Amino acid sequence: MGLSKYMTEFREKVDVCVVGAGHAGCEAALACARLGLETVIFTVAVDSIALMPCNPNIGGSSKGHLVRELDALGGEMGKNIDRTFIQSKMLNVSKGPAVHSLRAQADKAEYSRAMRKVLEGQEHLTIKQAEVCELLWEETQARDVLDGDASGRNPSGSKKGYGKRVTGVRTFTGMVYECGAVVLCTGTYLGARCLCGESITYTGPNGLQAAAHLTDSLREMGIELRRFKTGTPARMDRRSIDFTKMEEQVGDERITPFSFSTDPDSIQKEQVSCWLTYTNEKTHEIIRDNLDRSPIYAGIIQGTGPRYCPSIEDKVVKFADKERHQVFIEPEGLHTSEMYVGGMSSSLPEDVQLAMYRTVPGLERCRIVRNAYAIEYDCIHAGQLDATLEFRNVKGLFSAGQFNGSSGYEEAACQGLVAGVNAAMSILGKPPLTIDRSEGYIGVLIDDLVTKDNREPYRMMTSRAEYRLLLRQDNADLRLRKKGYEAGLISEEEYQALLEKERLIDREVERLKGTSVGANREIQNFLEAHGSSPLKTAASLAELLCRPELSYEALGEIDRGREALPAAVLEQVEIEIKYEGYILRQKRQVEQFRKMEKKLIPQDMDYDGVPSLRLEARQHLKQFRPSSIGQASRISGVSPADISVLLVYLERYGRELP
Amino acid sequence: MDTIAAIATGMTDSGVGIVRISGSGAVEVGDGIVRSPSGRRILKKAESHRLYYGFVVDPEDGAEIDEVLAVVMRGPRSFTGEDTVEVQCHGGVLVMRRILECALRCGARLAEPGEFTKRAFLNGRMDLSRAEAVMDVIGAQNDRALGYSLGQLKGRLSGKVGELRGRILYETAFIESALDDPEHFDLDGYGEGLSGKLDGMIEELRRLIGTADNGRLIKEGIRTVILGKPNVGKSSLLNCLLGEERAIVTDVAGTTRDVLEESLRLGDICLNIVDTAGIRDTEDAVERIGVERALRYAREADFIVYVTDASMELDENDREIVSVIGDKRTIVLLNKSDLEAVVTEEEIRALFAENEAYPSGEERLAILHTSAKEGAGIEELEQAVKEMFFHGEIGSSNEIVITSMRHKEALEEACGALMLVKGSIEDGMPEDFYSIDLMNAYKALGRIIGEEVDDDLVDEIFSKFCMGK
Numbered sequence: 009m010g011l012s013k014y015m016t017e018f019r020e021k022v023d024v025c026v027v028g029a030g031h032a033g034c035e036a037a038l039a040c041a042r043l044g045l046e047t048v049i050f051t052v053a054v055d056s057i058a059l060m061p062c063n064p065n066i067g068g069s070s071k072g073h074l075v076r077e078l079d080a081l082g083g084e085m086g087k088n089i090d091r092t093f094i095q096s097k098m099l100n101v102s103k104g105p106a107v108h109s110l111r112a113q114a115d116k117a118e119y120s121r122a123m124r125k126v127l128e129g130q131e132h133l134t135i136k137q138a139e140v141c142e143l144l145w146e147e148t149q150a151r152d153v154l155d156g157d158a159s160g161r162n163p164s165g166s167k168k169g170y171g172k173r174v175t176g177v178r179t180f181t182g183m184v185y186e187c188g189a190v191v192l193c194t195g196t197y198l199g200a201r202c203l204c205g206e207s208i209t210y211t212g213p214n215g216l217q218a219a220a221h222l223t224d225s226l227r228e229m230g231i232e233l234r235r236f237k238t239g240t241p242a243r244m245d246r247r248s249i250d251f252t253k254m255e256e257q258v259g260d261e262r263i264t265p266f267s268f269s270t271d272p273d274s275i276q277k278e279q280v281s282c283w284l285t286y287t288n289e290k291t292h293e294i295i296r297d298n299l300d301r302s303p304i305y306a307g308i309i310q311g312t313g314p315r316y317c318p319s320i321e322d323k324v325v326k327f328a329d330k331e332r333h334q335v336f337i338e339p340e341g342l343h344t345s346e347m348y349v350g351g352m353s354s355s356l357p358e359d360v361q362l363a364m365y366r367t368v369p370g371l372e373r374c375r376i377v378r379n380a381y382a383i384e385y386d387c388i389h390a391g392q393l394d395a396t397l398e399f400r401n402v403k404g405l406f407s408a409g410q411f412n413g414s415s416g417y418e419e420a421a422c423q424g425l426v427a428g429v430n431a432a433m434s435i436l437g438k439p440p441l442t443i444d445r446s447e448g449y450i451g452v453l454i455d456d457l458v459t460k461d462n463r464e465p466y467r468m469m470t471s472r473a474e475y476r477l478l479l480r481q482d483n484a485d486l487r488l489r490k491k492g493y494e495a496g497l498i499s500e501e502e503y504q505a506l507l508e509k510e511r512l513i514d515r516e517v518e519r520l521k522g523t524s525v526g527a528n529r530e531i532q533n534f535l536e537a538h539g540s541s542p543l544k545t546a547a548s549l550a551e552l553l554c555r556p557e558l559s560y561e562a563l564g565e566i567d568r569g570r571e572a573l574p575a576a577v578l579e580q581v582e583i584e585i586k587y588e589g590y591i592l593r594q595k596r597q598v599e600q601f602r603k604m605e606k607k608l609i610p611q612d613m614d615y616d617g618v619p620s621l622r623l624e625a626r627q628h629l630k631q632f633r634p635s636s637i638g639q640a641s642r643i644s645g646v647s648p649a650d651i652s653v654l655l656v657y658l659e660r661y662g663r664e665l666p
Numbered sequence: 462m463d464t465i466a467a468i469a470t471g472m473t474d475s476g477v478g479i480v481r482i483s484g485s486g487a488v489e490v491g492d493g494i495v496r497s498p499s500g501r502r503i504l505k506k507a508e509s510h511r512l513y514y515g516f517v518v519d520p521e522d523g524a525e526i527d528e529v530l531a532v533v534m535r536g537p538r539s540f541t542g543e544d545t546v547e548v549q550c551h552g553g554v555l556v557m558r559r560i561l562e563c564a565l566r567c568g569a570r571l572a573e574p575g576e577f578t579k580r581a582f583l584n585g586r587m588d589l590s591r592a593e594a595v596m597d598v599i600g601a602q603n604d605r606a607l608g609y610s611l612g613q614l615k616g617r618l619s620g621k622v623g624e625l626r627g628r629i630l631y632e633t634a635f636i637e638s639a640l641d642d643p644e645h646f647d648l649d650g651y652g653e654g655l656s657g658k659l660d661g662m663i664e665e666l667r668r669l670i671g672t673a674d675n676g677r678l679i680k681e682g683i684r685t686v687i688l689g690k691p692n693v694g695k696s697s698l699l700n701c702l703l704g705e706e707r708a709i710v711t712d713v714a715g716t717t718r719d720v721l722e723e724s725l726r727l728g729d730i731c732l733n734i735v736d737t738a739g740i741r742d743t744e745d746a747v748e749r750i751g752v753e754r755a756l757r758y759a760r761e762a763d764f765i766v767y768v769t770d771a772s773m774e775l776d777e778n779d780r781e782i783v784s785v786i787g788d789k790r791t792i793v794l795l796n797k798s799d800l801e802a803v804v805t806e807e808e809i810r811a812l813f814a815e816n817e818a819y820p821s822g823e824e825r826l827a828i829l830h831t832s833a834k835e836g837a838g839i840e841e842l843e844q845a846v847k848e849m850f851f852h853g854e855i856g857s858s859n860e861i862v863i864t865s866m867r868h869k870e871a872l873e874e875a876c877g878a879l880m881l882v883k884g885s886i887e888d889g890m891p892e893d894f895y896s897i898d899l900m901n902a903y904k905a906l907g908r909i910i911g912e913e914v915d916d917d918l919v920d921e922i923f924s925k926f927c928m929g930k
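Chains as they are written, first to last, in the numbering used here: chain A, 9 to 666; chain B, 462 to 930.
Please keep in mind that the hints were generated in silico from the structure rather than gathered at the bench. The hints are all genuine.
As a list, the in silico DSS-like pairs of lysine-lysine whose alpha-carbon atoms are at most 27 Å apart: (1) Lys490/A to Lys509/A; (2) Lys904/B to Lys603/A; (3) Lys460/A to Lys595/A; (4) Lys103/A to Lys586/A; (5) Lys883/B to Lys586/A; (6) Lys603/A to Lys869/B; (7) Lys621/B to Lys658/B; (8) Lys586/A to Lys509/A; (9) Lys904/B to Lys606/A; (10) Lys21/A to Lys438/A; (11) Lys904/B to Lys595/A; (12) Lys904/B to Lys586/A; (13) Lys544/A to Lys883/B; (14) Lys904/B to Lys460/A.
The structure displayed is predicted, hence computed values, not measured ones.
Build the full structure now, drawing on both the sequences and the hints.
Printed below as a string of structure tokens:
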């Protein structure tokens, strides 16, 4: 289409452009605007802001941790789900506190609407419906862009070797926005195509317009792209489902909010139910018989799908000996009769889908509203980014979310906030926000994305966090609020509340450790009543609390003078004392970890000059340019032997310097 | 680095010998001494890793010294990672020495013991645990210790440790999978099963740790303390063992007022023996000092030889000695078996049974009848020591024996961590708690074989290799 000469003149100057208004884009844009920067958020459809195109829930195992950490840093997702949930449940309560995780069913439409309202009410933020089709940039001399020592981004003191600097974006209609930073949050829209069996459409999720042009512009800049795929199950008409054949799954009696700023009392409400049913041999037989019609197994899909969020085809193939798989039927909202069929995402053709779903108890007469489909999209290998989510070679270009090769709303949102804050910080010339693996799941997420060769969409999992006993969802505020405050996203009032909470926790722990009870008759009777062995000598209340059978609440009987404290404080006190030994051991592991993180590698390190590094290790080290020995040790293709070679080399190098 | 040279094969006459030259000037030095059959210099342009036939000539007068095969290995593809020349010559000590002298005159310096290895390490040709083993090889006090270090160098320990790590990793992986995918991985009854597996691993670790003591005992000798009441024949026994009159022997109780230290070789075993003053309640100030010293030595000992006079009734002083012994491995010598015995083995065992610290059920206590005066029972003593420390025989060098304190500590850490997992299972903790200590065990073991990088070890190796500034 020809552009008139007037349109080419049409330019606007802003601070930050955020491309995409999904969960990453919303957090990125809000963070920038809240830090006072003029921000534009682009979306192909304003109605799709904060869309939940897949599962109708926020949180869940380890993802609940992410949302709480995001909230501690000043993100919006936790608050938004607190506004719009229709069921809430703390998962894994029978396990240790490290794996407790909050999950809420969202009213999808409400979630999207509420988030849009927040964006619309945000000062300095403009929403723009437009497809960004080109990034504007200029070459810089490799070393002339000062990183600014205050940023701490390059602790070794050497300058970052950018080769390019982003200067703005151009939309499909020709409008140019000049800016200091761009945050790419294109989700699954870049070069997207959807597959349902043999039928292919070139659209983004839910039939929305795909972004067809930006990929080429990125390639021209030298950014390497790859292709991933993901999928979603069918949605069914609630009226066609027989719930009497399913197990009802209800929410918690006492609802825990996601946000540390939400008053728990304010969100107690009526909840809707979810339902559990199972696949069976018949289901599996249909799937097996039609595998050749699945685009993945037929080789039509080139993108790599997530192993940890597998389609029902993958599950049937991978767990061939399993007689059944769980199927969760979840409402998509209060004002729709659509039900999400969790656990049965598929890219099989429509006729197979229907046959397969109808073998499941309760779904015998089901009617599909939307078919299950798989979606393929362009994304990057996040190894091109550093821990601030900025491209190492392009000053001012940040990216977040599925574009970085992750999967999931929560993973996207967390990266969005980090990328947004750091885009703002790079313009403001302030130190960046970084989170390491010992500080949060967000740290694990970003470190894994930027150091590992992820060959499939990266989903957060409990097992990815080495120090999870310290990284609990209940203490996310204690871990990260200070960072949010320093970044400028947490208010003075919220920060003071945190300091007060810390003070109360410390004081109560001290008191329990310092208060001893004698081995007198009253105490012995109390212990006997709770099935606990009698005391031989006096013991502190903390020592008693360490016994698995005694809770803080139970101890109230023999600890009469205690002050009434908020539940959130007591939770910390109890965990800190009960699991003290484990926590201590985990803290020692963290110390070991930090030791290696502190062994810095000069950014201009000449890996070719290190004798005996294996060729593969040398290539990967040159590509990723790790900032520390610790980070180097996590890069795929770098072995412990390579690390000891590096350590010895750096040691020698250090000693031989004058 | 400068160029070093040494005879790489042993300093004994043999069929073939190798003189090795390594460093930035190695090719230069080699080129200075090796000639082709037609008398040309050949090494400078030599192809790497290819044998050249020729002669070593004296660089000063051109006299032929030996007919040789020479090879140039350009760095980093050599043992040290540097340019290296190896000259394979006839294995006479004299010939090898003369070739080495020629190399030294051409600008090489005589390598220090272990220096080739040191360079291999510094150039990244060798991982930490092997470098550590090489240091042990260089420092080995005797053949047996050398055998163990070589075993480590060959990776025998690595194999065992690697296998244990694999088992631990399997368990963590299972727990983690179950946490993330509870639908497909079931943890019901997992704890009990794990507990049994842990017992097996703990036992293997303990056995390895046990060999660490043997490793040290073989390397350094067994710290042995002779205890007993005055005048039960301790000094006579020592003299008998050593074959000469070392301690003053009289019939007056309390003659040995100080401690005596001697080193005694019993076959493959070395006993570092401390004879002590007789232990009794005494008023004599000087004797009192001796007694206290004896007690102190006893606390640090590996092994106690408790000598008692079989012809005299046990008394309070014996009880005192047994309590001092604590949990040490002990041989009780019922001495003076040439006289009529009034003390029985049962009485001695009863005495030890009263000592709460003494572990029952283990082969830590042996009772022998001897007569130091007549030399009776000495061979039995030797056998008993072997039984007690090495299960009858000193293991062949093929068995894995821990000779490094660092390895022992890492094994103990791993063992302790697995014990904690067992504790967690017994306390009914949720499974996700197991992984903290499982990972600690995994990492501790990894440090032994360099799979977990330990910067302390880098420091230690640097300090042992006496690296410069």
